[in-house]
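A.B. asks: As given, the protein sequences belong to chains Y and B, one line each in that order.
First residue of the first sequence: 1, per the working numbering; consecutive thereafter.
First residue of the second sequence: 1001, per the working numbering; consecutive thereafter.
I should point out that these hints are in silico values taken from the structure, not numbers from a laboratory.
By construction, the Cβ of each residue, glycine as well, lies at the ideal position given by its N, Cα and C atoms.
A hint or two may mislead.
Stated by the list, open to error - Beyond 12 Å from chain Y on every Cβ pair, some chain B residues (computed):
| id | residue |
| --- | --- |
| 1 | N1022 |
| 2 | V1045 |
| 3 | R1131 |
| 4 | Y1206 |
| 5 | D1300 |
| 6 | A1362 |
Stated by the list, open to error - Here are the computed lysine-lysine pairs in the DSS-like style, where the Cα-Cα straight-line distance is at most 27 Å:
| id | chain 1 | residue 1 | chain 2 | residue 2 |
| --- | --- | --- | --- | --- |
| 7 | Y | K13 | B | K1029 |
| 8 | Y | K51 | B | K1328 |
| 9 | B | K1029 | Y | K88 |
| 10 | B | K1015 | Y | K14 |
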Amino acid sequence: MDTIERIKIEYSKKGPIRYIGHLDLMHTLFRALKRAELPVSYTQGFNPRIKCSFSPALPLGFESEAEYMELYLEKKIDITSSIDNLQKNLPEGLTVHNIDRLSLFGKSMNAKIRAVAYRVNLSRFYGNLSDSAKREDLEEKARIFLDRDEISIVDKKGKRVNVRPLILDIQVERNGSIRLLLKTMRGLNINPRIIVRALLGVKDEELAFVEFTREKFLFY
Amino acid sequence: MKKIFLDEILPFVSKPGRYLGNEWNAVHKDWESVQVKVALCYPDVYELGMSNLGLQILYSIINQREDSLAERVYAPGLDMEEILRKRGIPLFSLESRRPLGDFDIIGFTLQHELSYTNILNILNLGGIPLRSRDRDGNFPLIIAGGPCASNPEPLADFVDAFVLGDGEDVIGEIVDTYREYRGKGALKALAKVPGVYVPSFYEVNYGEDGTIERLNIKEDGIPENIEKRVADLELSCYPLAPLVPLIDISQNRLNLEIQRGCPHSCYFCQSHAVYGPCRVRSKERLLEIAEASLISTGYDEISLTSLSSTDYPEIEGLISELLARYEKNHTSISLPSLRPDGFSLELAVRVQKVRKTGLTFAPEAGSERLRRLIGKEISDEDFISTISQAYNAGWRLVKLYFMIGLPTEKEEDIEAIIGLVKELKIRHKNLNFNITIAPFVPKPHTPFQWLPMEKLTELRRKKDHLSRRLPAHVKGHNVEASFLEAVFSRGDRRLAEVLEKAWEMGCRFDQWKEHFRFNIWMESFSQCATDPDFYVYRKRDSEELLPWSHLIYGPVRNSATISSKLDF
C-alpha cells in the first residue's frame, strides 16, 4: 500500500528505561507500534522495514523530554485516539506527548536541528547547590569557561578538537542544575558529558552520579 | 528488607538493561497480597535466560494464581557481582528488587552442567547458605528442574528438591504443598508428590571400588523410585502474554512450541528421555496461541520450536495458515532444527519468503555406518542431494554439526566428514560451510550411558585435524569443557565438594570460553582427592547401580541390541 502520511511522535524517556540504548529502544518502539496496530508503512524490497527515523541517539543513562520519531503511514489516523492507543502499549518510562502531522515530502526533522538543550543535575555529585558559596563557585567556573576562545578536548580517535564553538550557553540554576545549549554542526551532536567533564575538570567515571536530561531540540 | 535502588548500581555496570525488570508483560504483584513467593532463577546471563521457554511457562502459571507470585533472577555479570559484594548488597529479583532470601521458594532451571557454579554463586550472593543442611526454615526452599535433573546427584547437597520431567502440572502441586506446610516441613510432603525427588531422604553407600553399593531410604513413605512427569501439551498452560525483552537476547522472537519430545531416537541424544514421549499441540491451539501472543507482544517473527519441527504432523497446514494470516503484517516464520531431507528444505523455502535466515543441519557423523549406529539414518546420497537442493534454492551458507569421539569411531569415519564436505564443495564451489565439531559425551538415560568418553588427547587430535583439513569455517567445542560436562552429567554426590571448591576458587560462567578455567577445575579435583577419570573414562558394567538408577525417565533402550553392534 502507498504511504500517504508522515507524522511526528513526540515522547519522553524517563526512569530506569533510560538504561536502554538507541538500537534496543528502536525495537521496543517498533513492537509498541505493532501492538497499537498503527498503519505503518514498510520499505520495499527483500527485507521490508518500518519507514521511520528517530531523533539523534540519546547516550545510555540520559533521560529526555524531547525525543521524537518520524513515521510514515499508509492510512490516516485519528491523532487523539492514536496517542492514547500508543501510550497504552508503551513500557513504563516512555510517555507520548504529542503526535503532529508533517508534510509528506518535507525535510527530515534531524536535518533541521540547530541546537540541543540539556539540563545537568549536579546535586548528587557536587553537593547542595542552594549553598550560595558553591553556586557562586560554579557560576565563576562557567564564566571563565565561556570566556575562553578555545576549549580543546581529545576525541575518540585521539585528535584534539576545539569544542568552544559548539557551546552556545551555560547557565547555573538555583535548584542544583546547569543548563547547556549545544550547537549541532553538519548534523553532528556533541555529547554533553564531554563539555561537563571539561567544565568541572573531572574524569568520566566521576560523572556517574551526574544526571543528564535532554530538554529540547531547537530547529531551523 | 529494604528494596534495592538501581540508580546506585547501574551507572557502574555493563549492559544495565539486564537488571531493570520492566520488560513488556512483566508481572509486578503486590508482595503482601500473596502467600507463596517464588524466585525463578536462570543460572546464566540474562540474554540466554530470557530466551528460555520453560521459565516463561512457569512464570505465567505461578502468576496466574491469586495466592502466589513469581519473579525472575538471572546470573549477574561479573561487574555486577563485584559491586554487590563490595557494597554488601544481596542479589535481588528483577521485579520487586527484593533480596533472594525474602522469597519462599527459589527455583533453578538446570539447562547445562556447566552452569552449576553459577547456582552456588547466586545462592551465595543472595546470602543463602549453600548446603541444604545449613539452611533452617527461615531460608527459602531451593528447588531445581530441567534437563540436568535427570542426574541431579552432584547438586544433591545444595538443592532441597528436584523436579523430574515437565513442570506445567507439578508446579501447582508444589506451591499448594508449600502453602500447607511452609518451610523445611514441606519437604516430606513434597517427596510424595509424583515427580519430586528430595535427595536428603536418600543415603548413598559406596563400595570399595568407588561404585554405588546401595541406596538407603531414610524414612517411611518415601518412594523408592521417582518417575518423571509428563504434561498434556494440549491442555496445559502456555503463556499468551510472554515477556518481551527491552534489550536484544539470543532468541528475540515469539516461541511457539509445536511439539515436545522427538519422534526419532538417536542413541546419543538425551532429549529423547528428558523431553519424551513425543507430543504435539493441535494446529487449532497453536493458531490461537499465535494470535493472542502476537497481539500481546508485537513480535514480528514466530519460531516454530521443537526438537524436529518437520516431523510435526500438520506442519505444512500450520505454516500455510500462519503465512496466510500474518505475512501481510510483515511477520516471518523461522524453523529451527531441520532434518537434512528434501521435505524439510521445501518447508524452509516456503518460510523464507519474508526474511532469509540460515540453514542448519546436523548429520552428526561422517560415514553412513556410524550414522546408522547412532540412530541417525540418512544416506550420503540423500544428504548431498538435500544440500544441492538448498544451493539451487539460493542458499550460499549452510551450518553443519558433527560429533567426534562417537562409539566405534575409526579414522575412516573422521575422514568421511572431510570427504563429505569436499564432495559438496566440488559440486558447489560458491557454497560455504560453517561447521561445528563437538565431542560426544555419553549421557544418562541414553543407550550409551554405560560407555566411556573418548580420551581428551584423541579428541584434541581429531578436532585439530578436522579444523585443518575441512574446506570450511570450523568451530570446535572446547574439549576440556566437554570433559567437565561428562564428569557432572554422570557424577554422584561426592562431587559436591569439588564443585564448591571450584566456585570458591573463582569459577563462574564455565560454559563461556572466556571464563572457563580448566586448570582451576583440575586443581579442585586434586584438592578434594577426587579422580575425574573415574566418571569420564570408566566403562560401567550393565549391572552397575548408576547415580541416576532410581530416577525413571522411561525404559532405557538397552543395550543388548545396541551393544551387539559395538565392539567394546
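A.B. asks: For every hint, state whether the structure bears it out.
C.D. replies: Okay, the hints, checked on the actual structure:
no.: 1; hint: N1022; result: 5 Å, violated
no.: 2; hint: V1045; result: 16 Å, holds
no.: 3; hint: R1131; result: 36 Å, holds
no.: 4; hint: Y1206; result: 51 Å, holds
no.: 5; hint: D1300; result: 7 Å, violated
no.: 6; hint: A1362; result: 27 Å, holds
no.: 7; hint: K13/Y to K1029/B; result: 24 Å, holds
no.: 8; hint: K51/Y to K1328/B; result: 16 Å, holds
no.: 9; hint: K1029/B to K88/Y; result: 19 Å, holds
no.: 10; hint: K1015/B to K14/Y; result: 18 Å, holds
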